[in-house]
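Protein chains: 2
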Amino acid sequence: MNAPATFDPQAFRAALGTFTTGVTIITTRTAEGEPIGITANSFNSVSLNPPLVLWSLAKNARSLPAFSSERHWNVHVLAAEQEALSGRFAAQGSDKFAGVELDDGIGPAPLLPDCTARFQCRTAFQYEGGDHVIFVGEVLAFDSSGHAPLVFQSGQYALAARKPRTELRLAAPPPPECSYTEDLLGYLLGRAHYQMLDTLRRLLAGQQLDEQQFFILSILCIRDHLTLDEINAFVGYTGLKVSAETLQALQQQDLIACEQDAAGTERYVMTALGREASLHQIALAKAVEAEVADKLDAGDVMALKVLLKRLVAATDPGLPDLWAAR
Amino acid sequence: MNAPATFDPQAFRAALGTFTTGVTIITTRTAEGEPIGITANSFNSVSLNPPLVLWSLAKNARSLPAFSSERHWNVHVLAAEQEALSGRFAAQGSDKFAGVELDDGIGPAPLLPDCTARFQCRTAFQYEGGDHVIFVGEVLAFDSSGHAPLVFQSGQYALAARKPRTELRLAAPPPPECSYTEDLLGYLLGRAHYQMLDTLRRLLAGQQLDEQQFFILSILCIRDHLTLDEINAFVGYTGLKVSAETLQALQQQDLIACEQDAAGTERYVMTALGREASLHQIALAKAVEAEVADKLDAGDVMALKVLLKRLVAATDPGLPDLWAAR
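Listed in order, the protein sequences are those of chains A and B.
Its first residue numbered 5, the first sequence is counted upward by one per residue in the numbering used here.
Its first residue numbered 5, the second sequence is counted upward by one per residue in the numbering used here.
For reference, chain A alone in the conformation it holds in the complex:
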């Protein structure tokens, strides 16, 4: 616990940063009509009736004169896809509005498109706030788009992983002596994976294919002309070991073909029929994903993908890059 005299500014900033926020861009125009805008996360709502919102601006900000004299400004709650825009408006000097097509607002302040929500305001109060000025604005107009919002926490961009409104249990609580629970990450990952695959498996059965053959086709769909060993280098981490017989079965179904390269090495390629079967599988995988996004909300699916990518990167056994150019 620190007393103000000994406040470590970095520690204080870090403690404040644990309070999660959205990210906004706030825009106005200078007296000369030049559009200006800054990234801010000090926004918050104040009052419903009258409709008021607030944010704070550093007293040494170059944009302070403009915001102090121009009474109209717009708050843009940024969408998850607008991280780059956030970075651009947080930096100094560049032409922040280059290439941005503005929407028409009710006042002179620039109105950015594709945000989660927008509040068009006029200054109601300017309050003293230490090294910042607190701007309280009356909201004259607002709109929102349904885009998942960008989140900021402890200096990092983030997405919200929303909790269910009531506690979600997949199964009855385990007996106390049972150390295998539904909260085990490995269980949740496995169950999620196999349930997603389950739908696909029905299509595979119709195509007279098993999971192993599906993996092989997926790999050849991304990268052709692979040897049996190369296929196994890509698929090995799943625990499957592809045999020459499995490849022969796919050849007999005319889904893949075997070619000899200049060195006489056998390499496998997709046939037109194989490519078609693979496209059907990808289409179904995408349909399953769309169904999930419908139930979970698009923002939550984005958050899930971010976390899965980080997990995959953190547990990567050093797999070769399937998509790398050759």
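All clues given are correct.
Each pair may be met inside one copy or between any two copies, as identical chains are not told apart.
Listed below are the simulated EDC-like cross-link pairs for lysine to aspartate or glutamate, each with C-alpha atoms no more than 16 angstroms apart in a straight line:
hint: 1; residue 1: K100; residue 2: E87
hint: 2; residue 1: K290; residue 2: D202
hint: 3; residue 1: K63; residue 2: E132
hint: 4; residue 1: K245; residue 2: D233
Hint data in this document are derived by calculation from the structure and do not stem from the laboratory.
Go by the hints and put chain B onto chain A.
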């Protein structure tokens, strides 16, 4: 776009709610010394030097007189585990402090334990804010714990799924004609699952077990006395079909045993050796998870689990409850 005269309060509230926030509990004492506290997400930082923070309180709040007259109050940035506390301090009437052991603060205001961060403040300014009063407080002391913070967005609790500081790609960008990309949810789930399982597989090999036998032991570890059909009902969604021969192999390794119930039905139970093997597997699964939590941060792992549970619930083909009491 709405003009203020036609503001739909519900739509306005919903648009404001898209701005993500943390969740705080703000406490003080009445003139009589009674502890009071409310849940608020209108908190934000204002100034570093002097250290100032702000939040807004409805003018019709029952706690307004106390906050207006008592100059000391504490802001608690709630941790993910404090969702129930948030609910309790958001509700009216109950004894909010019942069972809460308070920490010692520098002033009279109650100081709650186990938060992500805490700011002990004294009122610097009280500002007019429509139907709310804006309290600006000077921070006299603060601390933070490293607990992952609770998040609030569009009326729902959430956790932050933090993005990597630089864009994370697992592989080179796919060629434009390739519709199979690393962003496919099914690919990410499969890769995450198999990579996590990969570590476990090395232990299984040492135990002379394959994946199928691992699944069987896991199921019998949770629920004993199952028939072959019942085992298959639990494991079927993984695509595996357990045969009598597989069970016989486990019997020969003395990991499971077969018993006849009163009706003469064959039911499988774990042996002491099987239970031991299973406990080793669970211990390793937990160690793998701890390693991941180390790399991803505990809060992100919590967020991942929430999302995976929601995904599993959304794609559940109607699996029987493995943990249900009988």
